[in-house]
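Enquirer: Residue numbers (the numbering used here), protein chains in the order written: chain X, 1 to 376; chain G, 1 to 235; chain V, 1 to 452.
For the record, the hints were derived by calculation from the structure and aren't laboratory data. Being a predicted model, the structure only gives us computed values, none of them experimental. Glycine included, every Cβ here is placed at the ideal spot set by N, Cα and C. Accuracy of the hints is not assured; some may be wrong.
Unchecked claim - In the SDA-like style, the derived pairs of lysine to any residue whose C-alpha atoms are separated by at most 25 Å in a straight line are:
#  : chain 1 : residue 1 : chain 2 : residue 2
1  : G       : Lys220    : G       : Asp149
2  : X       : Lys297    : X       : Thr40
3  : G       : Lys75     : G       : Gln107
4  : X       : Lys296    : X       : Phe187
5  : G       : Lys75     : X       : Thr241
6  : V       : Lys428    : X       : Gly210
7  : X       : Lys173    : X       : Glu144
8  : X       : Lys305    : G       : Arg216
9  : X       : Lys179    : X       : Phe252
10 : X       : Lys220    : G       : Val119
11 : G       : Lys159    : G       : Val119
12 : X       : Lys220    : G       : Pro171
13 : V       : Lys428    : X       : Thr40
14 : G       : Lys220    : X       : Lys145
15 : V       : Lys428    : X       : Ile203
16 : X       : Lys145    : V       : Leu86
17 : G       : Lys220    : X       : Asn61
18 : X       : Lys297    : X       : Lys145
19 : X       : Lys42     : V       : Ala200
20 : X       : Lys209    : V       : Thr413
21 : X       : Lys251    : G       : Asp149
22 : G       : Lys158    : G       : Leu106
23 : X       : Lys209    : V       : Glu309
24 : G       : Lys154    : X       : Gln55
25 : G       : Lys159    : X       : Gln58
26 : V       : Lys260    : V       : Trp288
27 : X       : Lys145    : V       : Lys110
As the list claims (entries may be wrong) - In silico negatives: residues of chain X with every beta carbon more than 12 Å from chain V:
#  : residue
28 : Thr26
29 : Glu151
30 : Pro248
Spelled out from the first residue to the last, the chains are:
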Amino acid sequence: MATEIQEIDLKTDEMIINMGPQHPATHGVLRLLLTLDGETVKHVEPVLGHLHRAQEWQGQNRTWFQYQALIDRVDYLSGMFTSWAMARSCEQIDGTVVPPRAEYLRVMVSEMNRITSHLLWLGTYLIDLGAMFGFPFYPFREREKLFDLFEEIAGQRMMFNYIRIGGVLRDPKPEWFDKLKRFLDEFPDRIDEYETIVTQNPIFLKRTKGVGILTQAVAKDYGVTGPCIRSSGIPLDLRRTKPYSVYPELKFDVITFDKEGDTWDRYMARILEMRQSIEIIRQCIDKLPSGDIMGKKQMAGMRIKAGEGFAAVESPRGILGCYVISGGGEKALRFRWRNPSFCNLSVLHELLKGCPLSDIMAIFGSIDVILPDVDR
Amino acid sequence: MTDEKPSEAEKPEDKKAEAAKPEAAKPEVAKADGAKPADAAKPADAAKPAAPAAAAAPKPAAKAPEPVIPATAGKFEQFLKEHGIPAQRLPLSLEVETIVLSGDVLQAALRLLRNSSEVKLDLLLTISGVDSNDTYDSVYHLWSYSNLDELVIKVLIKKSDVAEGDLPAVPSIANFWSAANWHERETYDLMGIRYANHPYLRRILNPWDWEGYPLRRDYKQLVDCLNDKNPHSMR
Amino acid sequence: MFSNGDEIFKISRLTIVWLAGIFTIVWMVCWALGIALPMLLTQQLGDKAALTNEILRAATPVIAILVFIPINAMFMVLIERRALALWTVRKGPNRVGPDGNFQTAADAVKLLLKEDITPTGADAVMHTFAPILFFAPSVFGAVPLLAAVTNNHPLFRVLNLPTGIFFVLAAGALPVVALVMAGWASNNKYSLVGGLRSAAQAISYEIPLVLSLITVCLMAGTLDLVKITEQQAGGILNWNLLGGGALTGLNNALAGGGAKALATSYFMGPISYVCAGLLVISLIISFWLYLTGACAEINRIPFDLPEAESELVSGYNTEYSGMKFAIFFLAEFTNLFIVSSITTVMFLGGGDNPIPPYILNNIPGIPQMVAAIRDSYFCSTLHIINPETFFATLWVIAKVYGLVIFAVLIRGTLPRFRIDQLMAFGWKRLIPLSLIVFIIVVFAREFVICHG
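Only chain X is shown next, with the shape it has when bound in the complex:
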């Protein structure tokens, strides 16, 4: 009997679906070539490059001064970090000493930027999970407040160009710190509010618990960094493991989970990171020394000494590295970005294998990919 049943077994065909580049939930222009068996994913091939703007080429063809303004666009949600990575690598080559006040300001603004980035992720992740209309706009409310603060110091809301080679652009007024403190006082309550709506929501738990499990071996194999790998239990946080700037003087916890991370852990890691960022900013405000904020003269014909350097910062998405080769002229010989989104995205096909169609967005959203950061 058994053989008979096998013989008349229904034949099913695999279906190839082209998800993106114009798809409401691929965060821009990612294209996923999905091979589906029913609604189960058999194979995924991400097709990149729809947003390729030749950022590295532009780095070689623009002066240092011009290129500083461009790189905020590499990862438009965390422009402070891209500026910082470039500034650090150039300062390494050049031997520029950054004044301590500038370092503290850098930490402060970039932690603020981390919060805005995580807030946007939180909102869009809920959209990915299907809460199209309700919750996602709550994080945006707080994000706008932070952007108002950014606007005061940088003149821009998203493309800051605030951290420059040698220091920071502008010294905030004393009132700015008061506003920031006021924000920091109310923000933990807001995070509690998000958690009330989301963290214990049964549908949210069902959609995220045990979905998209990233094991430590796979994470190490693919060079995953940032909250993704920390939620898998590897405490790789550059701010602590390879401390740079003034992070050694600041107290904060590295958020790790003891087990293999699923999408819920990645969500929780980001929520907890935002709380840590609040503490870091508070300490920065308290410890902020007075003094100069710029260690190198900013001018159009700025030059960097010959040499090569690699510097990395811990961006909201992971290790953001910048490899610069300078010939001593007005322009770089080679700019090379190590983008966390690019590396984190490469693990996607491992995570998606065998999951249902609905989970694609739950998993893809949870690794927090910014497509301009992937495609450069």
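Based on these hints, arrange chains G and V on the given structure of chain X.
Expert: Coordinates of chains G and V only, in the frame set by chain X:
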């Protein structure tokens, strides 16, 4: 499959490079006269510093034949030499040890560096392709999950060694790190370094039918619809 | 407490303006066609007008529905957008017209003027036919509800069916075919997956939905919507939501029957009281089962998998544009309205006042007001309105739009299920629960005197 495609893609590029050669000769003559700045239309020269003084100080990798070896030999260099792998240390660049390996020992060296109990360089940060003056470099940044070690490995391929119509070849390390897969694809795409035995070597950021390797110095875009001087321009 | 009190005030104003507009227009159409014109014709022509009058009377409800559905859908889209905006700290559409009142009218014009596209390789006939088949049931499915929600007004009595709820459910099951058709005919894989999902979902969730309604019909002993409504008259304790007549004895006792009324209804003593309690709990569970099933049936969040934006672009209506898309859109909101109406009729007493008459009639002023309306010129001479229908309609509007707003609130709160979780939830939770409730009701109603 992967071995055929690059060579096919190379043919038109090669003709183009030949076409570009006479042009390339002109600015050099001009530079010898010492008067004219570099021709702006040529990206390779635009990247170079215009002043002769700056041109006299090229980056260290360009002087690869005779590197100044520091007094204390590097930790990783020694380690590799102990295991019989010839490694050559470049002058200190920002206190990070930089060693030059030849392509055929790359696999063995990385296996050692990644798996041995003494050094655990198990975090591959990035693979970069660099077009130096007379070499193509494939640069590997290795970090460790467990300690603070950093290592930069460079594989240099002399441009003179690369045959006409061929791509500089470096063994792929995608069998060690899956992370290397996309980085190598990107370097192949933008710099035209062929990674031998790569599982899926095809363009990643540019379209699959793109011609040429955009980050090379002699790259010239064939069809540039926004450039008026281009005969193929759509304007 | 209300930091956005201004917005709340604006939304309330918008709602009142729109509702007054909608129902005045619809009611005037009904009155002109069904009452005023026949009266006029009879005056002028005498007996010769009898046939014309019959035709006019029969046509009135259908025309009323056809007038009502588009305006109502426009209002519902607007109130949904405004309400969602209120709950998501945004402004919502507030530019076109005062308070953004005409936003959806502008949208409708835009949709009608858009190019109608049939994709390459699509089955053109089925592609065109699908939205029609999707929309038609919501028109004729609404018909039997009319008599029930207007307190059996003579104008709509013609359309009442003895098996009303059966007809409504049958009509409500049809759109699934249209969705599968739309998905299949679009020549788009997303559409196909959306259509198949909608079929799977509808099959799974129709069972608890129908079982919960059967429970109510069992308590009522009839399928006639008007009778079910009439049984529930007399205050909140009579509603099917609270036991389907299990509390009627209590109601009678409070109304003045005393212990005797209790003894009549709960004739078995303590067993009857326990059973009455069971019935109340069961019917409340049935109510939630119905709401859940209905949410899935009309593809609202959290069950909007057939058109999950973040997964399937827009599911079955990905390839639709212009007029066809407008019909889909219209039908979706009409379905929401119909589902709310069914809930109102089956569980919330239709047009019944939640305050029982023995309290209401003792409030000074209320009986006089009703009498004044009845004696007024509009009512007695022109027959524009009678107080029973007027108050019933007010209550129905309040209940139905309350449920609509509740659905909007759910949409603004919850993420979406995954398809396997949806199936598991339907088959492993809802269906067993509805069967258990059904069996409890079958036995418990033997020990209590209920509606049926």
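Enquirer: Determine for every hint whether it applies to the structure shown.
Expert: To see whether the hints hold, each was checked on the structure:
no.	hint	result
1	G:Lys220 <-> G:Asp149	violated, 40 Å
2	X:Lys297 <-> X:Thr40	violated, 57 Å
3	G:Lys75 <-> G:Gln107	holds, 19 Å
4	X:Lys296 <-> X:Phe187	violated, 35 Å
5	G:Lys75 <-> X:Thr241	holds, 21 Å
6	V:Lys428 <-> X:Gly210	holds, 20 Å
7	X:Lys173 <-> X:Glu144	holds, 20 Å
8	X:Lys305 <-> G:Arg216	holds, 23 Å
9	X:Lys179 <-> X:Phe252	holds, 23 Å
10	X:Lys220 <-> G:Val119	holds, 16 Å
11	G:Lys159 <-> G:Val119	violated, 33 Å
12	X:Lys220 <-> G:Pro171	holds, 21 Å
13	V:Lys428 <-> X:Thr40	holds, 22 Å
14	G:Lys220 <-> X:Lys145	violated, 46 Å
15	V:Lys428 <-> X:Ile203	holds, 16 Å
16	X:Lys145 <-> V:Leu86	holds, 19 Å
17	G:Lys220 <-> X:Asn61	holds, 14 Å
18	X:Lys297 <-> X:Lys145	violated, 32 Å
19	X:Lys42 <-> V:Ala200	holds, 22 Å
20	X:Lys209 <-> V:Thr413	holds, 19 Å
21	X:Lys251 <-> G:Asp149	holds, 24 Å
22	G:Lys158 <-> G:Leu106	holds, 16 Å
23	X:Lys209 <-> V:Glu309	holds, 22 Å
24	G:Lys154 <-> X:Gln55	holds, 23 Å
25	G:Lys159 <-> X:Gln58	holds, 24 Å
26	V:Lys260 <-> V:Trp288	violated, 34 Å
27	X:Lys145 <-> V:Lys110	violated, 36 Å
28	Thr26	violated, 9 Å
29	Glu151	holds, 20 Å
30	Pro248	holds, 39 Å
Checked against the numbered hints given earlier, the structure breaks hints 1, 2, 4, 11, 14, 18, 26, 27 and 28 and satisfies all the rest.
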